[in-house]
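Here's the letter readout for the chains.
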Amino acid sequence: MTATMGDPAAGAGPVEPWDGERGPAQKPEEPSLSAGEWLGRNLFSSPVNSLLTVVFSLLVLLAVRGLLNFTFSEERTWRAVKTNMRFLFTHAYPQDQYARIWVCVGAIAVLSGLSVGLLARAGRGISMKKLSMNLMATGGVIALGIVLREPSAIVDDEGVALHRDASAAGGDSFVGWLDANAFAVLVVLVLANVALAVWFHLQGTYLRGGPEPRTAHGALVLVSVGVLIVQQYATGEVVRESFADAMSDRAWWWLAAALLAGAGAALWLGLGDARRRNTFVPAMYVFFVGAGVMVLSAWVYPWGHYGFLEGEFINEPGRTVAMTTKLPWTVMLVLLVATFELGRVLRAAGAGPKLRVPLNLLWVLTPFVLYWAVLRDPDLDWDHVLSTDLPMAVFFAAFGGLVVWFLAHPRIGEAGRVIAVVLVAVAALNWVAAYFGWYPMLQKARISFLLLAVVALLAHNFAGDRAQRMKLVAVWVATMAVFHWLVTLVNSPSTVDTPTDALIGGFGITLIVAVFTLLLAFPMGVLLALARTSKLPIFRVLSTAYIEVFRGVPLITVLFFFTLIFNLFLPDNMTLVDIAGATIGFSLFSAAYLAENVRGGLQAVRRGQYEASDAVGFTTVQRTLFIVLPQALRVSIPPLVGQVIATFKETSLLAIVGIFDFLRIADKVISAQSEFLGVKREGLLFVSFIYWIFAYNMSKHSQRLEKRLGVGER
Amino acid sequence: MSVSDATTALTEELAARDDMIVCEGVNKWFGDFQALDGITAVIKEREVVVVLGPSGSGKSTWIRCINRLEAHQEGRIVIDGVELTNDLRNIEKIRSEVGMVFQQFNLFPHLTVLDNIMLAPIWVRKKPKGEAEELARSLLERVGIPEQAEKYPGQLSGGQQQRVAIARALAMEPRIMLFDEPTSALDPEMIKEVLDVMKELATSGMTMMVVTHEMGFAREVADRVIFMEDGQIVETGTPEHFFTNPQEERTKLFLSQIL
Amino acid sequence: MSNTDQATLAATQSQRPPFYRDVTVVKWLAQVFTLLLVVFALFFLTTQALENLDRQGIEIKYDFLSIGLGSDLREGIDTDPDTAGRALWAGAVNTLRIAAGGIVAATILGVLIGVGRLSSNWIVSRMCSVFIETVRNIPLLVQIVFIWALVATFPDVELDQGPINGLLHVSNKGVSVPRVHIDDGFYQWLIFIAAGWLVGSFVKRRQERRHDATGRDTYPVLSFLAVLAVFGAVGWVAHPIFGWVGAIFDFIGDGFSSLTPVIVQVVLSLAALAAAAWWIRRFLARLRTPAGLMKLTDDDKFRIIFAGVGALAVIAFVLVGWPGLSSWIINSGTDLLGVIADKFGDGRTGRPIDIKAPDVEQVGRFPNPGPAGLNLTQGGAAVFFGVVLYTASFIAEIVRGGILAVPKGQTEAAQAVGLRRVTMLRRVILPQAFRVILPPLGNQYLNLTKNTSLAIAVGYSDFVQVGQIVYNQTGKTLEVISLWMLFYLACSLTISVVVNFFNIRMKIVER
Ligand SMILES: Nc1ncnc2c1ncn2[C@@H]1O[C@H](COP(=O)(O)OP(=O)(O)OP(=O)(O)O)[C@@H](O)[C@H]1O
Ligand SMILES: [Mg+2]
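Which chain is which? The protein sequence lines are A, B and C, in order.
If you use my numbering, the first sequence corresponds to residues 8 to 721, in order.
If you use my numbering, the second sequence corresponds to residues 40 to 298, in order.
If you use my numbering, the third sequence corresponds to residues 92 to 602, in order.
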């Protein structure tokens with residue numbers, strides 16, 4: 008872990024937009040405290056505090072021990088999770104098509120690398136002090152865990168733990184006595200701690216005096232820990248190996264702990280206090296190193312090779328992981344690092360601002376393309392494409408382009424409005440005709456007409472000179488091209504054959520539903536928020552009713568509605584598969600919540616901004632798009648991220664409506680396999696852990712963002 | 040030449056010019072509180088009118104009615120021959136012809152100074168981008184801060200922000216400028232730089248209606264001073280006349296308090 | 092005055108713009124168009140649904156509620172309900188029970204953890220934040236399922252078994268604790284309590300006034316509680332004297348059931364008209380100035396027209412849209428009054444409230460938690476602890492934010508004027524923190540109530556799960572889903588009303 012100096016150039020970049028107003032005040036750096044001072048101030052500042060410290064330390068130790076014992080117990084069948092990794096992440100996506108999954112992950116890695124390298128503020132990164140402290144702490148925690156965890160149970164040839172002879176349990180050894188009286192002993196120890204603390208406090212020596220009182224106190228805490236450790240040898244019904252054996256069995260862990268703590272200590276001692284604080288490593292590099300170590304270990308460490316392929320369980324403990332796992336992940340990491348570096352180079356070349364919009368557009372497009380073009384591998388009917396789809400796309404591009412070109416003329420005046428209203432009427436008529444069955448029309452033509460009508464209504468807001476109009480036409484043509492292409496893909500049957508109506512399951516479907524939900528819900532939420540804060544009463548009432556109804560009912564009832572009976576509400580011969588229905592349900596539900604968040608942002612936009620926009624003559628649309636929304640959305644970023652996390656977590660409800668999502672596989676599928684009958688908690692713990700990693704990182708990121716935007720401050 | 044002679048001469052000169060703002064019997068209520076009470080006034084082309092009055096007398100309300108930030112409820116307002124009614128086209132026209140400067144600047148904080156100024160010419164006046172930028176830079180030059188073009192409003196001093204706000208209003212090439220206490224949110228040392236810009240604007244022949252408490256500015260630049268109280272126009276006159284020889288008791292009381 | 096101020100407009104006429112350029116008209120056209128669009132879309136969907144149902148020979152009817160249900164519920168006030176309606180009622184009670192208990196528990200836990208996070212003790216604050224960050228970043232459903240799987244590993248039920256035998260039983264069948272029974276005469280006793288509340292409030296106000304007048308300590312809150320206690324104690328023995336109250340409700344119920352639907356329709360229509368008239372009157376009153384009624388702008392006219400049209404739409408709905416509404420109101424009103432009358436009926440002379448300890452009984456081959464105690468089944472425990480822990484982590488953050496939101500200056504100012512610590516907390520800090528805390532807290536209560544619906548994943552018999560049983564047996568999916576939504580909307584509405592009530596009260600305190 009070599010120290011990479013934070014590059015000074017990053018700090019002196021272009022003017023950061025809009026921060027000057029809030030100018031974050033630099034907190035004066037406090038000098039580092041010595042360990043004793045720190046303890047005295049944070050843990051033992053008063054008798055009550057000392058009591059809390061002791062009680063809670065013991066609680067922490069108990070909790071950590073419980074968790075470790077649970078996780079590493081010989082009675083856990085972690086093999087169930089390892090074996091079903093593929094199931095957990097993609098369910099029944101065909102194995103021979105698996106390259107498609109990796110293409111998708113690769114595309115996301117490339118985009119992420121580029122975006123982070125190009126757009127993320129380099130910031131100051133992680134200081135050496137923090138890094139070395141974290142390393143040492145991690146090493147320490149691992150060491151503590153090694154000691155705390157109960158010794159492994161002794162297993163027979165089958166891997167089943169040997170059980171203690173019931174009559175021989177207990178006995179009159181010290182350990183047995185401790186076990187029988189553990190609770191009483193702990194109470195005595197805690198009381199002794201308190202008494203000691205009160206005594207020193209009354210003497211007035213606790214805070215002012217030398218280190219002796221605290222040393223005595225610390226010793227008592229250590230004794231308490233010791234009791235906990237000794238006691239665990241007597242607990243439980245299984246036969247356990249000896250303490251020495253246990254410690255030596257955990258040699259790898261000792262090594263890891265020593266390496267981490269050693270690296271941290273080396274950093275700490277190698278640098279003086281000032282340098283420790285003022286040397287920074289970019290956070291991404293720390294991440295890369297961590298990920299690199301993990302990928303490397305996949306090649307060298309015998310994690311074991313498990314799998315469930317074509318109905319066969321693979322069970323080879325002594326090997327490294329499968330080539331189909333380690334190779335792609337290595338490629339992904341290389342892609343990520345390479346594109347990150349590319350992004351940094353581009354950023355240094357000043358391409359950042361120019362690439363921001365295309366990159367964001369790519370992000371929005373990626374889910375659609377990956378899902379419908381890559382994962383689904385549509386089987387295009389070229390005759391139909393050439394005879395119908397293509398001509399229709401060309402027609403709408405050309406006709407719409409003309410309309411836009413004409414309506415965006417600066418002096419179009421009322422004629423433009425008349426044309427727009429006519430187009431709106433045609434678009435509406437198409438739908439009414441669909442209802443009465445007057446004339447047939449492809450659904451995508453109806454939607455295209457509707458899009459065109461909306462664009463025509465808005466066009467005058469974006470009128471301008473020739474160049475501007477050309478740009479508008481180009482945007483329209485591009486939109487039509489992408490839209491018709493995607494619709495054609497959606498309409499073509501898939502060549503990938505899976506047993507459920509969702510293409511993919513497990514964590515894959517969780518992510519896909521979350522992403523599509525947000526893409527659909529976000530525009531709806533913004534519109535709803537605008538309507539709810541509008542001065543026009545009908546808009547306000549409609550939007551308020553929508554929001555309050557959706558916020559008033561549980562998500563699960565909405566999901567049931569959309570998966571069980573929504574098809575009843577659709578016209579004949581139109582059906583939605585469960586997964587599409589669920590996504591719609593999620594979107595409508597999330598939109599209500601997003602709307603409330605955006606509303607908060609809208610209310611933060613000062614009235615003067617509206618007045619100034621009116622005074623310079625903006626139309627309502629222009630005012631909203633150019634002035635109000637950019638400010639409002641910026642303020643509502645933190646709550647919006649919160650809503651993203653909530654939506655991500657809510658996707659677990661897919662399990663209830665019968666879709667094979669992440670949770671359902673862990674909860675129902677694995678525990679039904681003959682090999683792992685009834686094994687549930689392992690899978691659930693794993694699922695919790697993955698959800699947690701994603702949600703926790705997002706929320707941390709949003710907190711940082713909040714701090715940076717100064718939103719949370721009063 | 041006596042004061043009244045001067046007044047007569049000015050009156051005649053003004054009568055020959057076009058009417059820019061005509062208000063007739065304008066009434067406005069907020070709930071049951073009457074904020075404007077029968078305002079009748081005419082402002083001529085190239086005239087600089089300063090509106091004075093105690094706090095709450097309805098100065099802001101009046102000036103905001105003139106570009107429809109508030110809608111008046113009775114009476115008529117005609118700007119440069121176009122009447123302010125519910126007509127969308129008229130409102131658009133008047134808004135692009137009347138520039139307004141606010142007490143709190145109201146710059147758009149998420150845009151650079153240059154974008155603040157260019158945005159309306161591009162999207163409202165439909166100017167090509169290059170032309171708009173040229174205009175914006177020349178206006179920044181005119182208000183004396185060409186070097187601040189790339190900064191964000193939050194990074195400027197109050198005086199600079201207000202000058203940007205003036206430039207933003209001017210970028211629409213308005214025929215009338217409204218100022219609502221443009222200097223009251225500023226520290227004393229910044230007031231002068233803003234007033235200088237306004238003076239320059241006045242001498243260049245802009246029609247201006249200014250609500251301000253800067254008596255020096257009123258004396259020096261105004262063609263006419265209008266004194267309001269309780270939503271009514273109490274007294275109108277040239278600055279000399281107004282400051283040296285006010286007719287109404289209420290005016291005298293007001294002047295004795297602030298001078 | 093210079094003559095330039097003479098108006099020159101008399102000659103011209105102010106012109107009305109054509110409608111398509113009139114701001115007001117365009118505004119309202121857009122709104123009405125949107126409204127029509129929404130109405131049309133809803134109409135489209137409903138007719139499709141009706142048509143499709145018709146084709147399958149299904150009718151939308153709620154008579155399945157009185158049809159028998161073939162299966163038992165796991166728990167609740169009635170585990171073997173006669174009808175689907177009764178089953179749903181038991182499910183609703185289960186939902187409310189877990190929501191109410193959850194709200195109390197989550198609040199206590201959340202406040203403790205929130206305060207703990209602010210503790211100056213490093214370990215305490217660290218532990219609290221680790222708890223928060225862990226719990227709130229894992230989906231609630233995963234937690235519930237996990238707790239369920241964990242409870243499954245608890246020891247089997249046995250006859251004499253603890254942790255605290257006779258008070259707390261924990262087993263793989265769930266958790267049993269003592270239960271508070273509402274017994275005979277409870278509702279009559281409530282009348283005493285209500286009276287005590289009234290008298291107590293009166294006494295409290297008087298004591299407060301005396302405190303204001305004399306400055307002496309008059310203990311208003313204590314007096315209030317004392318009065319309440321006296322009334323409660325007297326009522327404990329004297330409540331049978333209110334046996335006649337039931338008859339009154341019977342009488343009202345009789346009167347109600349003899350109403351004809353037409354009368355109800357007329358009353359509803361008149362109410363709609365009266366509401367519209369009241370709104371219009373208030374609206375016009377706002378426009379009335381001392382100088383007389385202001386000229387109505389077009390916008391005002393549109394609003395008035397809309398109020399009128401709205402009233403007419405309601406009348407049309409009552410008379411034509413759903414003629415059965417009025418008989419439904421009559422029937423359910425009569426039923427409700429009957430139930431109330433029954434609660435107060437004569438001869439209810441028992442103890443109002445009773446507490447029973449949990450027991451374990453062995454009826455068949457295996458011992459099971461008996462009916463005396465309050466039993467949380469495996470699913471119930473999973474849902475309860477799931478929602479409590481999850482919500483507590485959010486409440487903790489809200490509490491922390493609320494306390495941090497009170498500026499330090501407030502504490503200093505309070506100390507400066509010499510307030511005692513308790514007074515300062517009660518009068519200065521808490522009111523301000525509470526003002527910030529209350530609205531998001533209300534949201535959390537709402538979320539908790541809605542989240543109990545996840546019970547369906549672990550088979551706790553809540554409203555949603557029972558609903559699923561019902562529609563699986565009767566095929567009435569649409570009806571059941573509509574009941575779900577109505578039930579939860581009603582819950583949400585109640586919670587928001589309560590929270591808003593306190594919110595407004597807090598605002599008054601603040602003034
Ligand atoms: N939106 C509004 N709603 C209700 N009353 C208002 C509103 N705007 C202004 N008023 C009232 O109208 C009266 C005139 O206000 P106005 O802002 O025009 O006064 P002003 O002369 O500009 O005062 P100042 O010198 O303090 O700016 C005041 O009494 C004010 O309270
Ligand atoms: Mg004002």
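Errors might be hidden in some of the hints.
[To be verified] Across the chosen pairs, the derived CB separations fall in these ranges:
hint, chain 1, residue 1, chain 2, residue 2, range
1, C, Val184, A, Gln102, 27 to 37 angstroms
2, C, Val206, A, Ala298, 34 to 44 angstroms
3, B, Glu186, A, Glu348, 28 to 38 angstroms
4, B, Pro185, C, Gln501, 27 to 37 angstroms
5, C, Arg297, A, Ala191, 35 to 45 angstroms
6, A, Ala70, C, Ala324, 21 to 31 angstroms
[As the list claims (entries may be wrong)] Just so you have them, the derived chain B footprint on chain A, three or more residues with Cβ under 8 angstroms:
hint, stretch
7, 542-554
8, 629-635
Just so you know, these hints were derived from the structure itself, not from any lab.
As the structure is a prediction and not an experimental result, all values here were calculated from the model.
All C-beta atoms, glycine included, are put in the ideal place defined by N, C-alpha and C.
Unsatisfied constraints (hint numbers, rising):
1, 4, 5, 6, 7
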